[in-house]
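Peer 1: Protein chains in written order, with this note's numbering: chain X, 1 to 293; chain Y, 294 to 684.
Some hints could be false.
Here are the computed lysine to aspartate or glutamate pairs in the DMTMM-like style, where the Cα-Cα straight-line distance is at most 20 Å [to be verified]:
| no. | chain 1 | residue 1 | chain 2 | residue 2 |
| --- | --- | --- | --- | --- |
| 1 | X | Lys85 | Y | Glu333 |
| 2 | X | Lys37 | Y | Glu507 |
| 3 | X | Lys248 | X | Glu282 |
| 4 | X | Lys85 | Y | Asp479 |
| 5 | X | Lys61 | Y | Asp493 |
By construction, these hints were calculated from the structure, which means they are not laboratory data. All figures in this text were calculated on a predicted structure; none of them were measured in a lab.
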Amino acid sequence: MKIKDLSLEELFTSGHTACPGCGGAIVARIAMKVFGKNTCAYFPANCLLVFGGTYPYNAFKVPYLHVLFENSAVCAAGISRALKKLGRDAKTVAFAGDGGTADIGMQSLSGAAERNEDIIYICYDNEAYMNTGIQRSGSTPFGAWTTTTPVGKKIAGKEVFKKDVPRIMMAHDVPYVATASIGYPNDFLNKLEKARDMKGFRYLHVFAPCPTGWRYDPAKTVEIGKLAVECGMWTLYECENGVFRITKKPKLSPVTDYIKLQGRFRHMTEEQVDTLQGWVTEKWEKISGETKG
Amino acid sequence: MKRVITGNYAAAYGAYLTRVDFVAAYPITPQTLIVEHISEFVNDGLLDAEYMRVESEHSAMSACVAASATGARTYTATASQGLALMHEVLFIPPVLHLPIVMPVVNRTVAAPIGIWCEQNDTMPQRDTGWLQVYCEDNQEVVDMVIQSCMIGEHKKVLLPSMVMLDAFILSHTVEPVDFPEIEEVDKFLPKYKPEHAYLDPKRPMVLGSFTPPEYIQEARYQTEESMNNARKVITDVTKEFGKTFGRDYGGLIEKYRCEDAEVILITTGTVTSTARLVVDQYRDKGKKVGLIKLRFFRPFPLQEIKELGEQVEAVGVYDRSMSFGTAGPTYIETRYALYGYSIPILNFLAGLGGRDVTIKDISFMFDRLLEAKKGKIKNEIVWIGTRGVEP
Ligand SMILES: Cc1ncc(C[n+]2csc(CCOP(=O)(O)OP(=O)(O)O)c2C)c(N)n1
Ligand code: SF4
Chain X
1 MKIKDLSLEE LFTSGHTACP GCGGAIVARI AMKVFGKNTC AYFPANCLLV
51 FGGTYPYNAF KVPYLHVLFE NSAVCAAGIS RALKKLGRDA KTVAFAGDGG
101 TADIGMQSLS GAAERNEDII YICYDNEAYM NTGIQRSGST PFGAWTTTTP
151 VGKKIAGKEV FKKDVPRIMM AHDVPYVATA SIGYPNDFLN KLEKARDMKG
201 FRYLHVFAPC PTGWRYDPAK TVEIGKLAVE CGMWTLYECE NGVFRITKKP
251 KLSPVTDYIK LQGRFRHMTE EQVDTLQGWV TEKWEKISGE TKG
Chain Y
294 MKRVITGNYA AAYGAYLTRV DFVAAYPITP QTLIVEHISE FVNDGLLDAE
344 YMRVESEHSA MSACVAASAT GARTYTATAS QGLALMHEVL FIPPVLHLPI
394 VMPVVNRTVA APIGIWCEQN DTMPQRDTGW LQVYCEDNQE VVDMVIQSCM
444 IGEHKKVLLP SMVMLDAFIL SHTVEPVDFP EIEEVDKFLP KYKPEHAYLD
494 PKRPMVLGSF TPPEYIQEAR YQTEESMNNA RKVITDVTKE FGKTFGRDYG
544 GLIEKYRCED AEVILITTGT VTSTARLVVD QYRDKGKKVG LIKLRFFRPF
594 PLQEIKELGE QVEAVGVYDR SMSFGTAGPT YIETRYALYG YSIPILNFLA
644 GLGGRDVTIK DISFMFDRLL EAKKGKIKNE IVWIGTRGVE P
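Bound conformation, chain X alone (with noise of 0.2 Å):
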């Protein structure tokens, strides 16, 4: 499917709260769009249970749970099963955030993953706890600022590098696990779609990115979801049935290209820069070393 091919029916509606320009707000529309109304959503605490409406508000249009922060996929899980023992044929979504998986979520994550729990579970990385004020998560990329790792005058930004989450899905070797980015709509439809159509349990890890956090202008959000991948800070793959496949080759340019165009990475050293540089080369030959690419 094509992205002009996508229905034009909104179960995720105007009137939401999402700042302009917000990747996540992105994430949700093109999602729903592919999962259709027979879904049953979960949302953990973040930005996208608070954008999608306060109540007596509310900007979906598909049924959905909102528990705690931590434990998305349990959640997911629990509809899942309770689903199939009613005898009643829907899906299951969990749209967590990249804090809500990458740290606090984590467990119930991974044991639902080892339990091959029937569910689709999302994850829009910001790199950032938004919701509560732009504070660093594990996902948070090397050097940036955030509320957290501020620029201080004797450490400045994040000491230590992005956590590699997708990859620590695939170690569980469930059904799917993808990557994406909103820069790149037709590879994240395509991807959806395996999801969607598959049993088990299927993982997407989606580049969303915030012009709130990371201090950039509202309509370059496209613009830097794209450079994220050319630069290789972000790589687009998957991982069916243990398949791995690079869905889109960087072009490898300077990290400088990306990380000009936001606030975040302002005050990085030129060192620090370097450092950054050097993991992005390092973890692509980690991964194209892996793959025929």
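Given chain X's structure and the hints, the job is docking chain Y with the ligands onto it.
Peer 2: What follows is chain Y with the ligands alone, placed relative to chain X:
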């Protein structure tokens, strides 16, 4: 069908008798046998439930909330640290009106780490909005699993239930139990059909939405309303259960030889059985003592306890946990219920961490109450059998 079984078996068998649709659980001593028995029931094809062997109690309760919110009759069981780990999730089902049933084996919470009986796991959960019933024997455990479905699923209640059994004293001790036939339970307990809020793409709705202050206070009041409605429903269900199965537990409390009692002791759990014996002994000696078995802690039997104030001259409250900086939880609430009566009310703390509460200990409690009746009070909060502490 009479069988000689443990409290844990009784709790697990309750899941079978109520034909639960969904179980998610995680093992912890002394509840482990419950999850093991459920596993056997499922693997033998006796219990046709979706059974999620989760990786933690936090996930067990989360899965139960989600399954119940999808419309399934849902069951789990835990104890001690497991319940403490669930704490965050426990607040959700009362507000979403999800009638989950959960046997809890009362075990001490660390530190120091121990595995024996104490109520400091369930008492701190008293403000979460769950119904709480404390059982005296294994028969009551299975009977209360059945009744908790009936009470919790009642449309004027729709609250989750904790069914408590004392660590080892019940969980691992065999007793003869009369199991009803499952067909009889089917007749007594209708199939669970959620009427209003559950997840269904055919009529989409939000469960647990982000809510501004304009609406939250009403949600709180609704939980309180459900709790209050539960008082009558509990009494009705106990009566109906008594008529059907021949065992009537008397409602929120059970009175034992209270007719003309001048002093009474209030107990929960297995200590009640020992206290019955002591009451008989004192009665034989012509002493007018009585016993209240506090069955439900939530809702708290405010009216039933208040009525005692009219009749008795001293009240003792036994607690197997402490709310540090005040007193035992049952004592605090009893004093609240008895507000306005100027009778002595004593708190007896004993058996914390699982040490035995003996006939001697309970005789000591009654002796203190008989003294208090005459106006002699040594301590209001009495720590019995504590090294270096004068009771
Ligand atoms: C147990 C718990 N700890 C902390 C919080 C506070 N909290 C709510 S949302 C959030 C961050 C969410 O970050 P992420 O998952 O990355 O999603 P985002 O808001 O960035 O989209 C935090 C820390 C919480 N709700 N629950
Ligand atoms: S803070 Fe970022 S993720 Fe949250 S709504 Fe705004 S743009 Fe979206």
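Peer 1: Each hint: holds or not?
Peer 2: Verification of the supplied hints:
Under the criterion of a C-alpha separation no larger than 20 Å, the hint pairing X/Lys85 with Y/Glu333 is consistent with the structure, at around 19 Å. The straight-line distance between the Cα atoms of X/Lys37 and Y/Glu507 is roughly 30 Å, outside the 20 Å bound, and the hint therefore fails. Only pairs whose Cα atoms come within 20 Å are accepted, and X/Lys248 paired with X/Glu282 is accepted, the gap being roughly 18 Å. Straight-line distance between C-alpha atoms of X/Lys85 and Y/Asp479 comes to about 19 Å, which keeps the hinted pair within the 20 Å bound.
The hinted pair formed by X/Lys61 and Y/Asp493 meets the criterion: a straight-line CA distance of about 11 Å does not exceed 20 Å.
Hint 2 from the earlier list is the only one contradicted by this structure; the remaining hints agree with it.
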